[in-house]
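If you read the protein sequences in the order shown, they are chains Z and P.
In case it helps, numbering that gives the first Met the number 0 puts the first sequence at residues 0 to 52.
In case it helps, numbering that gives the first Met the number 0 puts the second sequence at residues 0 to 169.
Hints should not be assumed to be uniformly reliable.
Selected chain Z positions facing chain P (Cβ under 7 Å, derived; list incomplete) [said to hold, decoys possible]:
#1 MET5
#2 ILE17
#3 GLN24
#4 GLU27
#5 LEU28
#6 LYS32
#7 LEU34
#8 ASN35
#9 VAL38
#10 SER42
#11 ARG46
#12 ALA49
#13 ASN50
Everything labelled a hint here was simulated from the structure, so no lab data went into it.
C-beta: ideal position from N, C-alpha, C; glycine also.
So the chains spell out like this:
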Amino acid sequence: MDIQNMTKEEIKSITEKITNNTSTQEEELALLKFLNKEVNEISTFIREVANKE
Amino acid sequence: MKFNFEKNIPVSKQEDINLSEQTSEQFDADILQESKKLEINLQKLNEEINVFGGKEKFQKEFSSDSGTSGMTKGGEEIHEENSLSYYQKELAKALAVFSGGSAVGATSLYYLTEAFNLHSDPTILGLAGSATVLGSAIMSINLLIKSKVHAREAKRMELKMKMTDTPLNY
Chain Z
0 MDIQNMTKEE IKSITEKITN NTSTQEEELA LLKFLNKEVN EISTFIREVA NKE
Chain P
0 MKFNFEKNIP VSKQEDINLS EQTSEQFDAD ILQESKKLEI NLQKLNEEIN VFGGKEKFQK
60 EFSSDSGTSG MTKGGEEIHE ENSLSYYQKE LAKALAVFSG GSAVGATSLY YLTEAFNLHS
120 DPTILGLAGS ATVLGSAIMS INLLIKSKVH AREAKRMELK MKMTDTPLNY
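If we strip away everything but chain P, and leave its shape as in the complex, we get (with noise of 0.2 Å):
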C-alpha cells in the first residue's frame, strides 16, 4: 500500500476521499444551476402572468368556474378537477399572487407537501388562501436548498484548509 508520507493517508484513500469531494461539488454545482434556473422560471412566471392581463385578472378567470373546465394544455381538453392538471392550474393560481420577492419561513413547505396532494383532495387550495403562501413555498425551498449547499461548500473548504494544515485563522 502507497502512503502519502505528507499526510499519513494511504493514496487510495486520499483518492476516495477527492472522488467523494469532486462527486459532492459537482452536485452542488448542478444544484446552483437547477436553482438559477427555477428563479428565472419564476421570473419568467411572472412576466406571462403580466402579458395575460396582470394577476388580478389571471386570478379572476383561474378562480371561475369556467376556469376549471373546458381550457387546454397541450391541445387537451381537460374536463376533470381531480387531475394533475387540475393541481397545476391551482399551483399557476398560487403563482399568480406571488410576487417574487421575500421568501416565508420553511414552516410554510408545508403548504408545498399539501398542494402535491391536491389530485386526491382538490378542495385544500380551496380553504384558507393557502396558495398565496404556495407560490412563497418554491422561492423558501429553493433559498433551502442554496443555504444547504453554501453549508456544505463551507464545510468542504474548512476540510481542504485542515488537509493543507493551513490554519483556519490565516
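With the rest of the complex left out, here is chain Z (with noise of 0.2 Å):
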C-alpha cells in the first residue's frame, strides 16, 4: 500500500475499518504512517512559518 498515492477515500474507509474493527494490519500501519506523514508535513510547515517572522 503507497501511502503517498493514497486517496481521501481510502484514507476514510480505512479509518472507518478501524473503528469496525475490520481493518488488516496493512491498513492500519499504512493510516499510521499516513498520519506520521500529515504531522511532520504540518510541523515543518509551522516551523517556516515560525522562521520567516
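Grab the two chains, each in its own frame, and use the hints to assemble them into the complex.
Structural data, given as C-alpha cells:
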C-alpha cells in the first residue's frame, strides 16, 4: 500500500474499518504512516512560518 | 507427507502457520514502531507550536483571514483554500488545541474522517468547533490501533501455549 498515492476515500475507509474492527494489519500500518507524514509536514510548515517571522 | 507426530500437524502446514505468525508479528512490530513515532511526532509538533509562540498565538494566526492565503509551504504560495495545504492547515489548527492528554472515545474518529473530506468542503471545520476533537481523534486512533496489536499479541500467546500443550492456568 503506497501512502503517497492513497486517496482521501481510502483513508476514510480505513479509518472506518479500524473503528468497526474490520481492518487488516496492512491498513493499520498504512494509516499510521499516513498520519506520521501529515503531522511531519505540518510541523515543517509551522517551522517555516515561525522562521519567517 | 511428513508429520510432526507430537502435534499431529503436517510439517508443511506447520511451516505455513509459523510463517503466518511471523508475518503477523512483524506487521505488529512495524505498527507499534509507527505508533511510537506518531506519539513522538505529535510531541514535536506541540513543541513547534510552543516555539511559534504558544497555542493562543498559533490559533489566532491560523484562524485569521490572512492565515488562509499568502503562507508558504515548501516555498509555494498557497492561494486556494480548497486545497490539501488548506486541509493540512486546518489539521494544524486542530492540533494546536490538542494538549496531548487523554484521548476521547472512538466515536470522535468520525471527525477525523470528516477532516479527510475537507478539501471538498472546507467549511466543515468552521462548524461546531470540531477542530478540538480532531487532535484527540488522531491520538484516539493511535490508541485504538495499539489495543488491536495487544489483542493480537495475547491471541498469539494463547495459541502458542495451546500448541505447546501448556495449561493456560500455569
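To see whether the hints hold, each was checked on the structure:
{"no.": "1", "hint": "MET5", "result": "10 Å, violated"}
{"no.": "2", "hint": "ILE17", "result": "6 Å, holds"}
{"no.": "3", "hint": "GLN24", "result": "4 Å, holds"}
{"no.": "4", "hint": "GLU27", "result": "5 Å, holds"}
{"no.": "5", "hint": "LEU28", "result": "5 Å, holds"}
{"no.": "6", "hint": "LYS32", "result": "6 Å, holds"}
{"no.": "7", "hint": "LEU34", "result": "6 Å, holds"}
{"no.": "8", "hint": "ASN35", "result": "5 Å, holds"}
{"no.": "9", "hint": "VAL38", "result": "4 Å, holds"}
{"no.": "10", "hint": "SER42", "result": "5 Å, holds"}
{"no.": "11", "hint": "ARG46", "result": "6 Å, holds"}
{"no.": "12", "hint": "ALA49", "result": "4 Å, holds"}
{"no.": "13", "hint": "ASN50", "result": "10 Å, violated"}
Of the numbered hints listed earlier, those contradicted by the structure are 1, 13.
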